[in-house]
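Enquirer: With the sequences and hints as input, model every part of the structure.
Protein chains: 2
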Amino acid sequence: MISVEEARTRILAQVKPVGAELVALSQGLGRVLAAPVIARLNQPPADISAMDGYALRAVDAAPGARLKLIGEAPAGQPFAGHVGVRETVRVFTGGVVPDGADAVILQENVEADTGFVQPRDGAETGQNIRRKGQDFAAGSALLSRGRRCDSRALALAGAANYPWLSVHRRPRVAILSTGDEISLPGDPLAPGGIISSNGALLAGFVAAHGGEPLLLPIARDDISAIANASDAAQGADLLLTTGGASVGEHDLLQAGLKERGFALDFWKVAMRPGKPLIFGRVGALPVLGLPGNPVAAYVCAVLFLAPLLAVLAGRGAAAGLPVFDAVMLGAALKQNDQREDFLRASLVRGEEGEVVVPYERQDSGQLQALTQADALIRRPPFAPALVPGKVVQIIRLRNL
Amino acid sequence: MISVEEARTRILAQVKPVGAELVALSQGLGRVLAAPVIARLNQPPADISAMDGYALRAVDAAPGARLKLIGEAPAGQPFAGHVGVRETVRVFTGGVVPDGADAVILQENVEADTGFVQPRDGAETGQNIRRKGQDFAAGSALLSRGRRCDSRALALAGAANYPWLSVHRRPRVAILSTGDEISLPGDPLAPGGIISSNGALLAGFVAAHGGEPLLLPIARDDISAIANASDAAQGADLLLTTGGASVGEHDLLQAGLKERGFALDFWKVAMRPGKPLIFGRVGALPVLGLPGNPVAAYVCAVLFLAPLLAVLAGRGAAAGLPVFDAVMLGAALKQNDQREDFLRASLVRGEEGEVVVPYERQDSGQLQALTQADALIRRPPFAPALVPGKVVQIIRLRNL
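One line per chain: the protein sequences are A and B, in this order.
Residue 2 in our numbering sits at position 2 of the first sequence; the count goes up by one each step and never skips.
With positions in the second sequence counted from 1, the corresponding number in our numbering is that position plus 1000.
Treat the hints loosely; a few may be bogus.
DSSO-like mimics (lysine-lysine), calculated; alpha carbons at most 27 Å apart, straight line [stated by the list, open to error]: (1) B/K1258 with B/K1275; (2) A/K258 with A/K16; (3) B/K1334 with B/K1390; (4) B/K1258 with B/K1016; (5) A/K275 with B/K1275; (6) B/K1132 with A/K132.
Some chain A residues judged to face chain B by a derived CB distance under 8 Å, without partners named [as the list claims (entries may be wrong)]: (7) E111; (8) A112; (9) D135; (10) R152; (11) A153; (12) G158; (13) L329; (14) G365; (15) L367.
Hints listed in this document are in silico derivations from the structure and should not be mistaken for laboratory results.
None of these values were measured; they are calculated from a predicted model.
Note that beta-carbon positions come from the ideal geometry of N, C-alpha and C, so glycine has one too.
Expert: Here you go:
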């Protein structure tokens, strides 16, 4: 058995980002930039007014001064002339500040006569003007390669005049569930059979982390069925299997993959749940073998699949690593053995702040409890017994 | 001007959840349940073995006892007979515990002879057995209406034998950008014109919050163009406008909507940025008018659009309300005036923990700065000046 840390390091050393494609800006949400966004123009494109008011030479503004109104400059309709001595032009928010003017006074701060305007105050050079390129200058780097686009990034790319974006394509992840006992939801169920939930779990997890899930048909417990499934996964960026990773006689996953030259990297990790994790390759195709138990599969997905997908997707491993927060414990914990534990837990807000309470039952067959859990408590190998009030490390599950 | 709180209350009072549709389980990620998920079967469906081992009567297990091996029960292939006195059946993880047996001993804890098995230890009734219905019983409520489905919820619905889900359809949000000066990215740009970024911003925001964005063509500054755009939005659940909400002569949004019977609820909110927010209805269609400035539009989206979409999407307003965290201030702040401020800021991790540092420039024209911001600092109306080290309320932007 190797440690969680070593397992993750070995997995991440074997994968690299997938290639790029162009997508329309409107399709860019959640996509990862494969090239930086460099401004294609200045923003603002010229000196523009930040307010509705009057553009003038700052030196002409003084209480009682009388300026001649020589035109107007709404947004999108620049004034073509020049603002000279004791002249002014009506401007609107977003309108170009006319040539010759170097300040804008607010409309509420003038007396407007027919054809003339009288400022109530002086003005400072540049006031109420957004300078050309003040937000960004043409040629400047606005968004870095590897950024996952949220709505703000899409707005900035749009403002920089990008109708489309170069993004990493979504990593293709083939998902293989194995087992004689499992059926898809709604399909006929054999006596003693159970409904497969890992397909839905992992497809959802992959999609939520920017990948494209490809659900392979369930493979029966049969060497050639598994070997054939691995053929079907060729062209994917990752083969994700579930089940068949334990020690029983009917666990044929490795035997099936070996028919296609499976090179094992490691098998078994010192963790609970999730011990029977497998990693290796069939040719160029990385294979991550998750336990069949959905709770164990999910914990392994959080710890290993999320950073793996972050690498494939071009975000870099750090974006997918679990984030640990220190939170006060609300119940006692026993001493831990040599395996790193990940306990399902609730977060509650008490008088002394946030408290994490591990579920009494940590049976990894409890899928319902998993869907209600707020967090996983991490217990390092050989962690000492803890009383309530001590601080533990948790991973929040809300956003996974 | 009304307060942020009052504006939000008035908006949320006017909207309700959209209707339901059925989607395949594989399409359920991020969708909001319109009906609870009630278990259609027991999980596990029968008493099953949690381990690879031997099923027997607990009373028969003792060091040196010799049990007759009468069959095997792999997952999915139950043993049809009955386990009698001093008999045992080979079982595998997930296999049904045969009739008559009430315990499973691990395979590593027996001596296996041909046809016989000798336990090394005693056994307790129920050990290594997952009871029928232990995870969930048929008929029990597993997932509530209003839950947004993550990968865990999809797995649980799958395990409960749901091939499809009843979910709220995605709220349809028509987005209208207005202004003579704006062009779409890549389109020809008039002199003094700027690229529209609000369409990309709001479409991304709507999609990230579970809505379906519909980008209307840009409307020129013309009453009938705006009136026609409001016709085109009929059938949407919300019309979101941007621009034309300020006080200048060229702000024709309200005039255009009034051509179609616009009923104004409120205009202007005591906040910065975002003061010229408008809310009302054209017939049954709610209209939320955001400022044209993208930074102000984004802040208004965080404060008002997110909870509005959460209501439409069936999640309930609480799921979309901004979450405030208390964080230590890393720079001085001046006293605030009567408007509630939302300052763009960075989060940095120092020796004393997390610190929030407001940007020096709070110009709402700074779209680039917005895309780099980690948080908004909330400054209540008339908040006193603060020195570094004081605690302020922030909204984290990472997940919006």
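Enquirer: Against this structure, judge whether each hint is valid.
Expert: Checked hints:
no.	hint	in the structure
1	B/K1258 with B/K1275	holds, 21 Å
2	A/K258 with A/K16	holds, 24 Å
3	B/K1334 with B/K1390	holds, 13 Å
4	B/K1258 with B/K1016	holds, 24 Å
5	A/K275 with B/K1275	violated, 56 Å
6	B/K1132 with A/K132	violated, 71 Å
7	E111	violated, 18 Å
8	A112	violated, 12 Å
9	D135	holds, 6 Å
10	R152	holds, 4 Å
11	A153	holds, 6 Å
12	G158	holds, 4 Å
13	L329	violated, 20 Å
14	G365	holds, 5 Å
15	L367	holds, 6 Å
Checked against the numbered hints above, the structure violates hints 5, 6, 7, 8 and 13; every other hint is satisfied.
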